[in-house]
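So you can see what is in the structure, the chains are spelled out below.
Number of protein chains: 2
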Amino acid sequence: MAATPLDRDDLRARVSAALRAHLHRRRGRLALVGPELGPVADALADFLDGGKRLRPAFAYWGYRAAGGHGSDALVRAVGALELVQACALIHDDVMDGSDTRRGKPAVHRHFEALHRAEKYTGSAERFGTAAAILLGDVCLIWADEMLDRSGMPADALERARPIWDEMRTEIMAGQYLDVLAQAQGGHSVDRAVRVVRYKAAKYTVERPLHLGAALAGAGPDLLDSLSRYGLPIGEAFQLRDDVLGVFGDPAETGKPAGDDLREGKRTLLLAYAAERATTAQHELLDRHLGDPDLADEGVDALRGVLVETGALARTEERITSLTQRALDALRAAPVDAEAAEALAELAAAATARRA
Amino acid sequence: MAATPLDRDDLRARVSAALRAHLHRRRGRLALVGPELGPVADALADFLDGGKRLRPAFAYWGYRAAGGHGSDALVRAVGALELVQACALIHDDVMDGSDTRRGKPAVHRHFEALHRAEKYTGSAERFGTAAAILLGDVCLIWADEMLDRSGMPADALERARPIWDEMRTEIMAGQYLDVLAQAQGGHSVDRAVRVVRYKAAKYTVERPLHLGAALAGAGPDLLDSLSRYGLPIGEAFQLRDDVLGVFGDPAETGKPAGDDLREGKRTLLLAYAAERATTAQHELLDRHLGDPDLADEGVDALRGVLVETGALARTEERITSLTQRALDALRAAPVDAEAAEALAELAAAATARRA
Numbered sequence: 000m001a002a003t004p005l006d007r008d009d010l011r012a013r014v015s016a017a018l019r020a021h022l023h024r025r026r027g028r029l030a031l032v033g034p035e036l037g038p039v040a041d042a043l044a045d046f047l048d049g050g051k052r053l054r055p056a057f058a059y060w061g062y063r064a065a066g067g068h069g070s071d072a073l074v075r076a077v078g079a080l081e082l083v084q085a086c087a088l089i090h091d092d093v094m095d096g097s098d099t100r101r102g103k104p105a106v107h108r109h110f111e112a113l114h115r116a117e118k119y120t121g122s123a124e125r126f127g128t129a130a131a132i133l134l135g136d137v138c139l140i141w142a143d144e145m146l147d148r149s150g151m152p153a154d155a156l157e158r159a160r161p162i163w164d165e166m167r168t169e170i171m172a173g174q175y176l177d178v179l180a181q182a183q184g185g186h187s188v189d190r191a192v193r194v195v196r197y198k199a200a201k202y203t204v205e206r207p208l209h210l211g212a213a214l215a216g217a218g219p220d221l222l223d224s225l226s227r228y229g230l231p232i233g234e235a236f237q238l239r240d241d242v243l244g245v246f247g248d249p250a251e252t253g254k255p256a257g258d259d260l261r262e263g264k265r266t267l268l269l270a271y272a273a274e275r276a277t278t279a280q281h282e283l284l285d286r287h288l289g290d291p292d293l294a295d296e297g298v299d300a301l302r303g304v305l306v307e308t309g310a311l312a313r314t315e316e317r318i319t320s321l322t323q324r325a326l327d328a329l330r331a332a333p334v335d336a337e338a339a340e341a342l343a344e345l346a347a348a349a350t351a352r353r354a
Numbered sequence: 000m001a002a003t004p005l006d007r008d009d010l011r012a013r014v015s016a017a018l019r020a021h022l023h024r025r026r027g028r029l030a031l032v033g034p035e036l037g038p039v040a041d042a043l044a045d046f047l048d049g050g051k052r053l054r055p056a057f058a059y060w061g062y063r064a065a066g067g068h069g070s071d072a073l074v075r076a077v078g079a080l081e082l083v084q085a086c087a088l089i090h091d092d093v094m095d096g097s098d099t100r101r102g103k104p105a106v107h108r109h110f111e112a113l114h115r116a117e118k119y120t121g122s123a124e125r126f127g128t129a130a131a132i133l134l135g136d137v138c139l140i141w142a143d144e145m146l147d148r149s150g151m152p153a154d155a156l157e158r159a160r161p162i163w164d165e166m167r168t169e170i171m172a173g174q175y176l177d178v179l180a181q182a183q184g185g186h187s188v189d190r191a192v193r194v195v196r197y198k199a200a201k202y203t204v205e206r207p208l209h210l211g212a213a214l215a216g217a218g219p220d221l222l223d224s225l226s227r228y229g230l231p232i233g234e235a236f237q238l239r240d241d242v243l244g245v246f247g248d249p250a251e252t253g254k255p256a257g258d259d260l261r262e263g264k265r266t267l268l269l270a271y272a273a274e275r276a277t278t279a280q281h282e283l284l285d286r287h288l289g290d291p292d293l294a295d296e297g298v299d300a301l302r303g304v305l306v307e308t309g310a311l312a313r314t315e316e317r318i319t320s321l322t323q324r325a326l327d328a329l330r331a332a333p334v335d336a337e338a339a340e341a342l343a344e345l346a347a348a349a350t351a352r353r354a
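Protein chains in written order, with numbering that gives the first Met the number 0: chain A, 0 to 354; chain B, 0 to 354.
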């Protein structure tokens, strides 16, 4: 039986239910500290309500690819990845000063609004930042707990833990590279590729696949096969995200159009553009990129540069060839037909032109 | 043989060595991501160089109190508490906008300075904040790893983990209560006591004791005994910290005099003062407390209020009686003479009038 879209929806629903159950238990713990913690638990529940559950899906199918059978314990274990991701996003939004996430106010903005509504004293912005930092920390802690108490056997967890640890260090290191690239300015294809590697290729796809496979007891050969599929898909996923960040429909991405340009994100798309830009186009990039007040006309002008320099087309070609390479590797991988089909479908979902 | 000060210095040195060894291994991992991560590893090593290692000491003696024998694995396991604390402090300094920690620039200020020295583009402040958020996250992750790979037996770690998890959630919840109290303003003895309970009594003393005792396989009776000693000592420790934050010598506290007053921390000391303040004294509190630009004269005026209302004396009395209660509980606890002596000495160190 192939993995139909219904299966993906079903897994998504099960992961969501597992997250809700975990949060429910932890909410009880927070209530013991005090009723003031209610808004913290609410904000987290609200935040976790969204998300495509892509990382749990890769981990789930990594487990299945290694011959494991799905279970509620497995869904809980892979669901923990969503809490790591919640930490990364909540902290990322503070770092970038983003207003919106998943079509709703970013967590720090949400607590800023709470500060204003309750007429608290002091800086609403500082309160929002503090609450979001702490909420991100809580996500990281609860992620750990959710994996640990998933009900997976102790030996499976022991195999998974080194991968879990590497993954968490890598995402933070990748985030730092990204922040540093913005601060250093300029454009470099090499640097952009390295940020993509750690922030996405490994963190979003390869490590989740390995996590699932390790839970099932996979050996190094299967892990290597999964890397050959996962790394290109992860890179393609991030490039798609970069393209959507500039050209995507805000109704679908959940973020205002051009936000990545206002933040001055040093994407591969921009590095490609800089390689082939005329002097006038370079001036446009320098003037507009990273301008937090950039108006829609400026966004349009930058989009024009990305199209005219061929950067968009080159990125699309790269997405296509990476995806192809991943699918070729998948065909050569020692995984059964059902897992292969599900992973092929996930590859398509992760790199699709719609958010 | 009693626990002499030399033993405490020795434990501190062993914990420091274990932290350095752990960081050394992780630095190698970061170097694989890229040479740009060097300053991140350096900043963390520098930060971890300081600290009194109080939490590891309580955990170590909790283990010994439960009849366990010290080992390098135990030192590594309890040393992990310093990394949780590093996360809490690094993030706390971002949230409070503190300039100084342990006599050196706070981590976010350190990265701000790096941004300026390297003439990076964009906001130096934003870069510093981003780097400190990520470094704090890394501490939380590496804390976990250090405990997990300490070399303690799997069954010991399994017993310790629920306590480790509770502790980490409690510290973040306590921090939120603290931030919220500042935002809500006003003064409440009840609220101040609750913040102290979670931020310090449980997190700094009770949970580390329990962590150590659980690693050694202690039963619920010993855990209760340790709570009867640990909770009052933890509260007394925080009250001492509050007093030092206002009246302490900056050369010893590593923070400018009066910083807690500029941040508007809602301490029990202040709640006591508010309870007995005259109208004029209330006006002084309202005017100066939480003023980030408060000059030394203002700090002196607030100190005057704390002395004249009897708040300082009341706090000192409370510290004395809490310490006494803890020592009485310790005498009644089923622990051997050596552990009892070490815990009595730790009680004195945690509540001493010098930082």
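Be careful, since some hints might not be right.
[As the list claims (entries may be wrong)] Partner residues aside, some chain B positions facing chain A, computed with beta carbon under 10 Å:
(1) T128
(2) D136
(3) Y175
(4) L176
(5) L243
(6) G244
(7) H281
(8) R302
(9) V306
[Stated by the list, open to error] Just some of the chain B residues that point at chain A, by a computed CB distance under 10 Å:
(10) C86
(11) D143
(12) A328
[Said to hold, decoys possible] Okay, the calculated beta carbon distance ranges per label pair:
(13) A:G37 with B:R330: 35 to 43 Å
(14) A:A336 with B:P152: 37 to 45 Å
(15) B:A30 with A:V188: 20 to 28 Å
(16) A:V188 with B:P291: 21 to 29 Å
(17) B:K103 with A:V188: 34 to 42 Å
(18) B:A30 with A:V306: 33 to 41 Å
Simulated from the structure, these hints should not be mistaken for laboratory data. All values reported here derive from a predicted model rather than from experimental measurement. C-beta: ideal position from N, C-alpha, C; glycine also.
Tested hints:
Restraint check, T128 (chain B) versus chain A: the minimum CB separation of about 7 Å is within 10 Å; hint holds. A hinted interface residue such as D136 (chain B) counts as satisfied when its beta carbon comes closer than 10 Å to some beta carbon of chain A; here the least separation is about 5 Å, so the hint holds. Of the supplied interface hints, the one on Y175 (chain B) holds, with its beta-carbon coming within about 5 Å of a beta-carbon of chain A, less than 10 Å. Given hint, L176 (chain B) at the interface with chain A, holds; its Cβ is 6 Å from that chain's nearest Cβ, closer than 10 Å.
Here the hint on L243 (chain B) is broken, as its CB sits about 23 Å from the closest CB of chain A, past 10 Å. For G244 (chain B), the interface hint is violated, since its Cβ never comes within 10 Å of a Cβ in chain A; the closest pair sits about 18 Å apart. Interface hint at H281 (chain B): violated, since its Cβ lies 15 Å from the closest Cβ of chain A, which is beyond the 10 Å cut-off. Hint on R302 (chain B) is violated. Least Cβ distance to chain A is approximately 22 Å, over the 10 Å limit.
With a cut of 10 Å, the hint placing V306 (chain B) at the interface with chain A is violated, because the nearest CB-to-CB distance is about 25 Å. Checking C86 (chain B) against chain A by beta carbon gives a least distance of about 7 Å; that is within 10 Å, so the hint holds. This hint holds: D143 (chain B) has a C-beta 6 Å from the nearest C-beta of chain A, less than the 10 Å allowed. Contact between A328 (chain B) and chain A, as hinted, is not supported at the beta carbon level, the nearest pair being about 23 Å apart and thus beyond 10 Å.
A hinted range of 35 to 43 Å holds for the C-beta pair G37 (chain A) and R330 (chain B), which are about 41 Å apart. The supplied range of 37 to 45 Å is met by A336 (chain A) and P152 (chain B), whose beta-carbon atoms lie about 42 Å from each other. The hinted window of 20 to 28 Å between A30 (chain B) and V188 (chain A) holds, with their beta carbons roughly 22 Å apart. For V188 (chain A) paired with P291 (chain B), a C-beta distance near 44 Å fails the hint of 21 to 29 Å.
A hinted range of 34 to 42 Å holds for the C-beta pair K103 (chain B) and V188 (chain A), which are about 38 Å apart. Checked against the given bound of 33 to 41 Å, the beta carbons of A30 (chain B) and V306 (chain A), roughly 39 Å apart, stay inside it.
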